[in-house]
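Here the protein sequences come in this chain order: D and U. At position 179 of the first sequence the residue is numbered 179 (our numbering), and the sequence of numbers has no breaks. At position 197 of the second sequence the residue is numbered 197 (our numbering), and the sequence of numbers has no breaks.
If you are wondering where the hints come from, they were derived from the structure by calculation, not from laboratory data. Glycine residues also receive a C-beta, built at the ideal position from the N, C-alpha and C atoms. Just so you know, not all the hints are guaranteed correct.
Said to hold, decoys possible - What follows is a list of derived Cβ distance ranges for each label pair:
#	chain 1	residue 1	chain 2	residue 2	range
1	D	Asn4	U	Asp82	19 to 25 Å
2	D	Met247	U	Gly130	37 to 43 Å
3	U	Val56	D	Arg203	46 to 52 Å
4	U	Gly138	D	Asp328	18 to 24 Å
5	U	Asp82	D	Ser307	21 to 27 Å
Here is what each chain is made of, one letter per residue.
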Amino acid sequence: MRTNSLAFRLTVSAAATAVVLLAAAAIILTELFQQTVQRNFEARLRAIMDGLQSNIELTVDGSPAVQGNFADTRFQLQDSGWYWQVAPIVPGSKPAASASLLEPPLTLPANAVAHRDGEGIARFSMTDAAGNDLRGFEQRLKIFGSDADYSFVVTGNFDELRSEVQAFRRVLYLSLGLLGLGLLGAIFFQVRYGLLPMKLMERKLNDIRAGKVEMLEGDFPAEMQPVADELNLLVQSNFEVIDRARMQVGNLAHALKTPISVLTNEARDHKGALADKLTEQIGVMREQVNLYLDRARRAARAQTVGSSTDVEPVLQALARTLQTINRDRGLQVSVEPMPALKFRGERQDLEEMVGNLMDNACKWSKTKVVTRARLLAQLGEDGRPWMVIEVDDDGPGLPPEQRATAMKRGQRLDESKPGSGLGLNIVTETAAMYGGRAELAQATIGGLRAVLRLPAYPIASTSGT
Amino acid sequence: MRILVVEDDVDLNRQLVTSLTDAGYVVDKAMDGEEGHYLGESSPYDAVILDLGLPVLDGVSVLEKWRRAGRKMPVLILTARDRWSDKVAGFDAGADDYVTKPFHTEEVLARVRALVRRSAGQASSELTCGPVTLDTKGAKVMVDGTAIKLTSLEYRLLEYLMMHGGKVVSRTELVEHLYDQDFDRDSNTVEVFVGRLRKKLGVDVLHTIRGMGYCVQPPGNAD
Numbered sequence: 001m002r003t004n005s006l007a008f009r010l011t012v013s014a015a016a017t018a019v020v021l022l023a024a025a026a027i028i029l030t031e032l033f034q035q036t037v038q039r040n041f042e043a044r045l046r047a048i049m050d051g052l053q054s055n056i057e058l059t060v061d062g063s064p065a066v067q068g069n070f071a072d073t074r075f076q077l078q079d080s081g082w083y084w085q086v087a088p089i090v091p092g093s094k095p096a097a098s099a100s101l102l103e104p105p106l107t108l109p110a111n112a113v114a115h116r117d118g119e120g121i122a123r124f125s126m127t128d129a130a131g132n133d134l135r136g137f138e139q140r141l142k143i144f145g146s147d148a149d150y151s152f153v154v155t156g157n158f159d160e161l162r163s164e165v166q167a168f169r170r171v172l173y174l175s176l177g178l179l180g181l182g183l184l185g186a187i188f189f190q191v192r193y194g195l196l197p198m199k200l201m202e203r204k205l206n207d208i209r210a211g212k213v214e215m216l217e218g219d220f221p222a223e224m225q226p227v228a229d230e231l232n233l234l235v236q237s238n239f240e241v242i243d244r245a246r247m248q249v250g251n252l253a254h255a256l257k258t259p260i261s262v263l264t265n266e267a268r269d270h271k272g273a274l275a276d277k278l279t280e281q282i283g284v285m286r287e288q289v290n291l292y293l294d295r296a297r298r299a300a301r302a303q304t305v306g307s308s309t310d311v312e313p314v315l316q317a318l319a320r321t322l323q324t325i326n327r328d329r330g331l332q333v334s335v336e337p338m339p340a341l342k343f344r345g346e347r348q349d350l351e352e353m354v355g356n357l358m359d360n361a362c363k364w365s366k367t368k369v370v371t372r373a374r375l376l377a378q379l380g381e382d383g384r385p386w387m388v389i390e391v392d393d394d395g396p397g398l399p400p401e402q403r404a405t406a407m408k409r410g411q412r413l414d415e416s417k418p419g420s421g422l423g424l425n426i427v428t429e430t431a432a433m434y435g436g437r438a439e440l441a442q443a444t445i446g447g448l449r450a451v452l453r454l455p456a457y458p459i460a461s462t463s464g465t
Numbered sequence: 001m002r003i004l005v006v007e008d009d010v011d012l013n014r015q016l017v018t019s020l021t022d023a024g025y026v027v028d029k030a031m032d033g034e035e036g037h038y039l040g041e042s043s044p045y046d047a048v049i050l051d052l053g054l055p056v057l058d059g060v061s062v063l064e065k066w067r068r069a070g071r072k073m074p075v076l077i078l079t080a081r082d083r084w085s086d087k088v089a090g091f092d093a094g095a096d097d098y099v100t101k102p103f104h105t106e107e108v109l110a111r112v113r114a115l116v117r118r119s120a121g122q123a124s125s126e127l128t129c130g131p132v133t134l135d136t137k138g139a140k141v142m143v144d145g146t147a148i149k150l151t152s153l154e155y156r157l158l159e160y161l162m163m164h165g166g167k168v169v170s171r172t173e174l175v176e177h178l179y180d181q182d183f184d185r186d187s188n189t190v191e192v193f194v195g196r197l198r199k200k201l202g203v204d205v206l207h208t209i210r211g212m213g214y215c216v217q218p219p220g221n222a223d
């Protein structure tokens, strides 16, 4: 993940928030737990103190003694830190103490009883002989049947409480840590999932650039739809600008043809070095014009998507035109009856390909040129229908070994017939652009057969023929 | 032979007019589609050279209008666009031939000659009437194998009559096809030229049909 990315920003900010919140939760929860445990601890000490006060009485010798069992077993366990003791303020009689207290009396620290609350209870902390950290209460009361005050002391082991808190903290940190990891994972997934439409948009823009599609299509999230719409408008206007520029290049190139004609004719009418230079330069201009027209044509083809062309009208129009052009030779240029067929591409490209093939056939034929088209029974490798257009002539034909050469750029097998020699090469190139191909074969009527294999559209057959 | 040149480029127009005039044609010119359309509709032409990219009214529209109005003269279109769709559009509009720019004027001349010949129903570039032979390519006239020197107007007169060999051509038609627009039609120049031509040829092929006009026929065939 790059640092300068939306994903990074979202992930880092969410992660930082989660960490801060989790840390705060840890502190607050620990504090709350500690307070609760402490309250319980004090309540227990209070309960013991109450039990002690209600079970104490004076023996005959005036020393305090406890009747019955009011405290739990920790008060039996030696050095447990859980002690109770009842001792006379004025030393004299023997104090009573829990069994856990090995060496009574428990000596309280000097200032332990300095502060008492409203009930007369003093709270203190101390360390006993066994090293236990003790928290305790001390209260001074008279025992029934005596005038003297006695000091009632109850202590509890605070280390136990501390370890309880410690254990809680361990579990808490562990679970909060796991929660944090889970959150990080969720953030990561959310960012990925949330930014998925961006990836989609990027892919589609790529497709537009590659000429596979013309528009950003599909449903984008509400926040991105306006961007998609704007991008579509931008793409559209970009196409328009390119189209305009391309058209202007075409117009410029075409417009130059008239002055080139003028200069050609002027130069021919004059003699001398200037006229020769002019003729030479006109040749260069002519080549440049053709080069750029060729380029503009190619570029225009590269971005045509999803167009379709009815085949028969194109073939008929070309046959009509070529029949007119060759009427002095009495050529029959015909199109055989054919099913409704659609070419999967631009009309102009179909016209250029078939037009050049038919024109070439007309140049060589003696009496007739026959064109036919049919859908191939088998689907192509792309799983879509393909068709074949055949142009037959009854001219001399070509021996098989010369047929391949005839399709190459600038190749003219016979210089006696007019034409630039580029016609068949343009056919091969254009067909290849559509994934099709052009080949030469033997025509049944005697001459050459040009075979054009091109992508077709499936036809909704209505007649069933 | 009267030819109309409709081309908006001044220089190209001038070159075409010059070449055609040098070749012995009577040439009218128009610089835009509207003017061209008017001339083509109002005067009889033996052929028209029509540029497709014209201001005011484009060439294809001009051609379509002529054909709809029943004008049948042969039309040669000049076009910078060499795509098949452009050729198809031109021929469908009624063109008889096309030349792609850039071109040499010689090419246009050759096409015009062929068009004029074809529209007159002549297959060969050589016209024959008895002992007289006229070579439209070389603009030469031979009588019994001997070359005859003719002025350009005399040649045009003979060519037109031989092109329509056997048919009677009226004096008005001759004037329309042989002279510039500003020719004084009341003058009797045609008679004068016919007389000179008869003398130069020395054979009796050029006949006057009283009250109708002139025609060429091999000697002895005339009524």
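Handout entry: Structure versus earlier hints - violations, ascending order
Key = 1, 2
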